[in-house]
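Undergrad: Knowing the structure of chain B, use the given hints to seat chains H, V and L on it.
Chains as they are written, first to last, in the UniProt record's numbering: chain B, 1 to 423; chain H, 1 to 423; chain V, 1 to 423; chain L, 1 to 423.
Treat each hint with caution, since some may be false.
[Unchecked claim] Computed list of lysine-lysine pairs in BS3-like fashion (alpha-carbon distance at most 30 Å, straight line):
no.: 1; chain 1: B; residue 1: 304; chain 2: L; residue 2: 413
no.: 2; chain 1: V; residue 1: 358; chain 2: V; residue 2: 413
no.: 3; chain 1: L; residue 1: 413; chain 2: L; residue 2: 358
no.: 4; chain 1: L; residue 1: 304; chain 2: B; residue 2: 417
no.: 5; chain 1: H; residue 1: 417; chain 2: V; residue 2: 304
no.: 6; chain 1: H; residue 1: 304; chain 2: V; residue 2: 413
no.: 7; chain 1: L; residue 1: 358; chain 2: V; residue 2: 304
Everything labelled a hint here was simulated from the structure, so no lab data went into it.
Number of protein chains: 4
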Amino acid sequence: MDFSLSPRAADLCERVASFIDTEIVPVEQEYEDSLAEARVAGQQWRPLPLLHALQAAAREQGLWNLFLPSGCEEALGSRYLPRGGAGLSNTDYAPIAEQTGRSFLAPMVFNCNAPDSGNMEVLIKYGSARQRGEWLDPLLDGRIRSAFAMTEPAVASSDATTLETTATVAGDQVTVNGRKWWSTGVGHPDCEILLVMALTDPQAPRHARHSMVLVPRSTAGVRVERMLPTMGIYDEPGGHGEISFTDVRVPLTNVIAGPGQAFAIAQGRLGPGRVHHCMRLIGLAERALELGCRRALSRSAFGKPLADLGGNRERIAEARMSIDQARLLVLHAAWLLDTRGPGAAVAEVSQIKAVVPKMAQQVIDMAIQLHGGAGLSDDFPLAAAWTHARALRLADGPDEVHSGVVASHELGKYRPKRGTADE
Amino acid sequence: MDFSLSPRAADLCERVASFIDTEIVPVEQEYEDSLAEARVAGQQWRPLPLLHALQAAAREQGLWNLFLPSGCEEALGSRYLPRGGAGLSNTDYAPIAEQTGRSFLAPMVFNCNAPDSGNMEVLIKYGSARQRGEWLDPLLDGRIRSAFAMTEPAVASSDATTLETTATVAGDQVTVNGRKWWSTGVGHPDCEILLVMALTDPQAPRHARHSMVLVPRSTAGVRVERMLPTMGIYDEPGGHGEISFTDVRVPLTNVIAGPGQAFAIAQGRLGPGRVHHCMRLIGLAERALELGCRRALSRSAFGKPLADLGGNRERIAEARMSIDQARLLVLHAAWLLDTRGPGAAVAEVSQIKAVVPKMAQQVIDMAIQLHGGAGLSDDFPLAAAWTHARALRLADGPDEVHSGVVASHELGKYRPKRGTADE
Amino acid sequence: MDFSLSPRAADLCERVASFIDTEIVPVEQEYEDSLAEARVAGQQWRPLPLLHALQAAAREQGLWNLFLPSGCEEALGSRYLPRGGAGLSNTDYAPIAEQTGRSFLAPMVFNCNAPDSGNMEVLIKYGSARQRGEWLDPLLDGRIRSAFAMTEPAVASSDATTLETTATVAGDQVTVNGRKWWSTGVGHPDCEILLVMALTDPQAPRHARHSMVLVPRSTAGVRVERMLPTMGIYDEPGGHGEISFTDVRVPLTNVIAGPGQAFAIAQGRLGPGRVHHCMRLIGLAERALELGCRRALSRSAFGKPLADLGGNRERIAEARMSIDQARLLVLHAAWLLDTRGPGAAVAEVSQIKAVVPKMAQQVIDMAIQLHGGAGLSDDFPLAAAWTHARALRLADGPDEVHSGVVASHELGKYRPKRGTADE
Amino acid sequence: MDFSLSPRAADLCERVASFIDTEIVPVEQEYEDSLAEARVAGQQWRPLPLLHALQAAAREQGLWNLFLPSGCEEALGSRYLPRGGAGLSNTDYAPIAEQTGRSFLAPMVFNCNAPDSGNMEVLIKYGSARQRGEWLDPLLDGRIRSAFAMTEPAVASSDATTLETTATVAGDQVTVNGRKWWSTGVGHPDCEILLVMALTDPQAPRHARHSMVLVPRSTAGVRVERMLPTMGIYDEPGGHGEISFTDVRVPLTNVIAGPGQAFAIAQGRLGPGRVHHCMRLIGLAERALELGCRRALSRSAFGKPLADLGGNRERIAEARMSIDQARLLVLHAAWLLDTRGPGAAVAEVSQIKAVVPKMAQQVIDMAIQLHGGAGLSDDFPLAAAWTHARALRLADGPDEVHSGVVASHELGKYRPKRGTADE
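This is chain B alone, in the form it adopts within the complex (with noise of 0.2 Å):
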């Protein structure tokens, strides 16, 4: 058993905490302020020229697409080198996510953000020659975003068989009808290409009946209804997005891996990408025990430092304790994931996405509290962090589902042994 990092991460590691540190943090504020300026003038949803210089210093570093998966370089051939990945397992990115989370600029700055890592990893293991060029290298550079459009308002999207956007083939084309929301990123002027999961073949078996499908956002009869705040906080420029689908017509070539394949794509896109959610969940959870611990030590009340009073050194272990754990258990999903694959990693995988979010929240809620008033508003980067590690307990499956499969998987071991599946 060995918990030091490998030295290829750890130098990435430390050079991308190095970068936030010394590059991103500082002008965190600034940007803050222009983005508040930019609200006033209705301009909110556009990228800061902030945020490109700092893109450009990353990836000339060479911080750029550092969550390319291990085995892509080979399987896209040497083109994709220039554009970054260095070859990571998931247990060596896993350090780097965390490092990324701490800030909420940082995952735009090194292009991991989701969900346009998880949609580039998508192109990568499932999509054609053709789909890559048109897309993946792209959004390799950061010429352009993309969305994932999988959640819909009118059903419980945590069960995806109930999902009712249609997207229907007839000769060479797909028709794609419906409505879904919470599409993360839509709102980006840069967002051209969405990922849309929808119905194919209602005949099919259960996990057979939906299709990935490549739609263009400029597509007639896509249309934005609107932007979707969370607790007030709308993430801009990206933002969170209901999107409307009125007979869209795209060609038959751009449903990734054919019709009927996106719950396997799903599937393979969702192991190392609540990976990625969770360690940087813990990034932000480490920031919001820094800030809170600095707080405590420098505001007084009542003769004392925050710190002397009532419980709050418990709470601080109390953080302290779960986010060493949680990251831990992260680490130890990243390596089943790298060692076993994500078929034996189902279970575990669950289990982060159960645990890293809820401990998130509150951390950064002990956080917030140490803060008073201040912990509210928009002075610290508290209130955003809280909104969303609370958006994450919902995202990407409630903390229930989750904790449904880890059920199922422990009693399963005790179960006589049958064909079946648990239910």
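TA: This is chains H, V and L only, laid out in the frame that chain B set:
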């Protein structure tokens, strides 16, 4: 022991509830939509006409200023009678306050919203005839609004002895200098008067140093620096503001009850105010639970209504049990305020403040989870409800401070009696 | 609304409290030591003389059988009056039950202990004149003891329809066969009568299949197989037994209220019984909190009293707040039982059963923690208190079942009304 | 990063697990029954022959003294090799310790039980040749047992600087006076040697005042006053004793590493000891979860297996997630002990001690609840397991103290660096 409402309270409570159900809840979404439009137009800091119509109807039906405590009619004389008030005890008003908590619009509609209600109580109990004439009358009519400026950004304001804003007395003038924030209601265009708690005599005994000064909003040197979001929510049109006071001069007659009386005034304001806050939160938690139950019954996943999945029923039961316990605790505290007076109910009032916001936050969080992504958006009043409950874990003293009061009181029962108080 | 005790209840409550403080608490340790000696000698399953002396004193002071519900004196006629009872409502008796919960000895001293009190109530409400004469009179005198045999080792007895012990009627005889356990009190040498719930007619409607049979302990075929420990604690001399019934024959007249009535009887027994259990647990939690506070003030570590270390104050406050909330919930349920009857208070009675034992367990756990190792030993009544509270999370229906009742009731408010009950 | 076991550890771990499954678990109930019989006969404080047979088998299979840390073979020379030990690092031994925690009998069977293992480590690291010869050899053989006498009834022993028992040096003699309790193992007839921590020089610096004295159990003046129950459970035949020392004289050569070294010795003993305790608790929690799952699948109520009722699945998932997180935390702490040494792992070792017993208590509590009344009885190892986990929230430092260490360490990261330690 008798848990039934007095006939008077029961009648008013039912009429208030019925007004909310038939007049307010049905227009909530319309109100929200109008507010959203106003935001786009930069017009969100003014009241919507809808509200005035509702206020007029409520006043006509005698559902106006019901918060006014028993005894105040006599104190104020007949001219206040037509302005409502029913001479209710804290115990009798509490269930009405619960009802008004079910809709974010209701407290304003019935002229029972914080901080106006508390400020009116202060003027009734401590105000001079002139102060009452100038500000109490229009407040009772709902013609103007007020703010309470106590919390400061620079100090841990839960320890109010640390407040740094100064109110310097010179001759028959008072000069206020400093900075306050989280002054609720100050964004409202009708907000004409601020009650400012400020330091007058640093040499006086700890609780006689501060004065409560009536500062008209239009006085030179008063500047609302910005409005503060709570997790991105601004609570327009009243909102919460950060205010700077620069050499703000008002006559000495604007000091309520004379210099050095701010603590005495604040204490008298707090008992009933906390009962009101807590009962409204209980109403809010009831609303959230109702929404949660309805969603749990109407949405299905994995072939069952959410109500029949996982631990949802246990969480619903937990919510019911924690709401009912919290309500009884608040009612009991209100009864102690009525029967023994504020001095004998300090620990019990701190209990409710420590218990209820946390309880409400949890119940609302559960209801959000049952709603999936919709719960985080503004399609339901849950996101705003959550934010409000979260803020009240800090506003008016953070949980930890109230918890400390309860503990000191509890331990005090077993200490050798001495002359000195516990901490 | 009025939270004050009736003068009658207040007087009795104070006298009971005073009796416990002056007569019982001071001899607890002596009692424990004698019991420990008796254990070494194998004599622990007989009452200690100390108890009889206390009982005599309590009876002489009119503090005897106070649990007897209002109405029962008239029902029973004058011969029961000298045996005590004060005609108290559930609401009035509840605070007295709380007092008796403070000491493990008290319920027995006042002849108000489970299961005797519940069994007496059953005989009063449902017993025939012969049944009352034979068993109620000596129970009221404390001359004999009784047990309630419902739970079975072989089935999940919280679903009482699954009970398998049979009570077969043939002619004017009933034959009982089966196995019960956790029959409290059966270890006591004075335990002469068992109320056995058993299956008579498997073809009858679900809730009319079982009968409640009075089985004298000395009947042939009744065998106490063993006494059961709870975490190693046996609660001698009454204890909790596992009993086998092998062809146990009693006359048909021993069936209370006739065959098939067991569910009706059990339901009638449960409402007040749960109020009693819960109020005693509240008394127990109060005792634990008192011990915890005293320890927190008298022990020091790291240079400070425990009360001033870490989160101890917050935990003490938490205990106070959860006790007070739980007490109010139980009092309210008692009041509903009195004013609306058991049928209208089912959900509220389930609430208290789900809330109070868990609350008591937590408060006692906290007090144990403050005592260090001493809290786990038998030097303080805390270990036994903890064990008792833990057991009550299962006895008389596990938390989860009561929680389910509360949830069904809550969801039922929002279901389309139909003729059928939830689940 | 690599979460796999070394081949050596994997092999031993599997063999230990297999021995427990095939040799120990099947005889647990027989052992319990024999012990129960022995209790009736007053013979419970002697080991049952069953145990000796198991020990012989374990030793024969090379599963003996596996706790012995890497490095100690060289230190001790070849004569210790046949007495077992496999030169395992903390990281490698940890999973074996987990296995031994699954059965209360196993640690004794493998001669890896507390406090003997810790005492042997002390003698290896700090003992003189004479001390080793006299006590270490027979301990390694399992011919004698030992106790560790540190905790005192009169002081909050978690602050070990307050210990009051004295070890007065005069000439070449040491005289011990005082009272200790919770000395585990002292009830065993083979317990021949006590390690007593006592005050030698009150004027010395805080952590140099106490000595660790080897006191043979048979020395005049040593008296086991009583054996202490934990919630009624005595853990015979070793148990936990209260011991008085009255003018107990031993030669100065019995002081380990010389007077004043007790703190240094205790610290060196604690790191690995806490890892062992925690890993055993994780094994215990695993056992409880397994029992809980089996019960949840095999028992039905209301027409469904318990596994499908209410929140049971979520609780099972919660247990799995908290066990897995806790295990990883302990393994990581073990790895830090191995790679950085105890001095650099203080906070991490405190973390595991604060996290694991609480986690185990909760998991076991959940499993008990699934078992109904049976879970509280001695029909399952759950009641004893719960009691053991509960006791470990106090033994070896209460949760709160460890939590405080973690918080100090965390806050220390953000303090201005000074020469002095936090508090």
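Undergrad: Indicate, hint by hint, whether the structure satisfies it.
TA: Right, here's what the structure says about each hint:
no.	hint	in the structure
1	B:304 / L:413	holds (19 Å)
2	V:358 / V:413	holds (26 Å)
3	L:413 / L:358	holds (26 Å)
4	L:304 / B:417	holds (19 Å)
5	H:417 / V:304	holds (19 Å)
6	H:304 / V:413	holds (19 Å)
7	L:358 / V:304	holds (25 Å)
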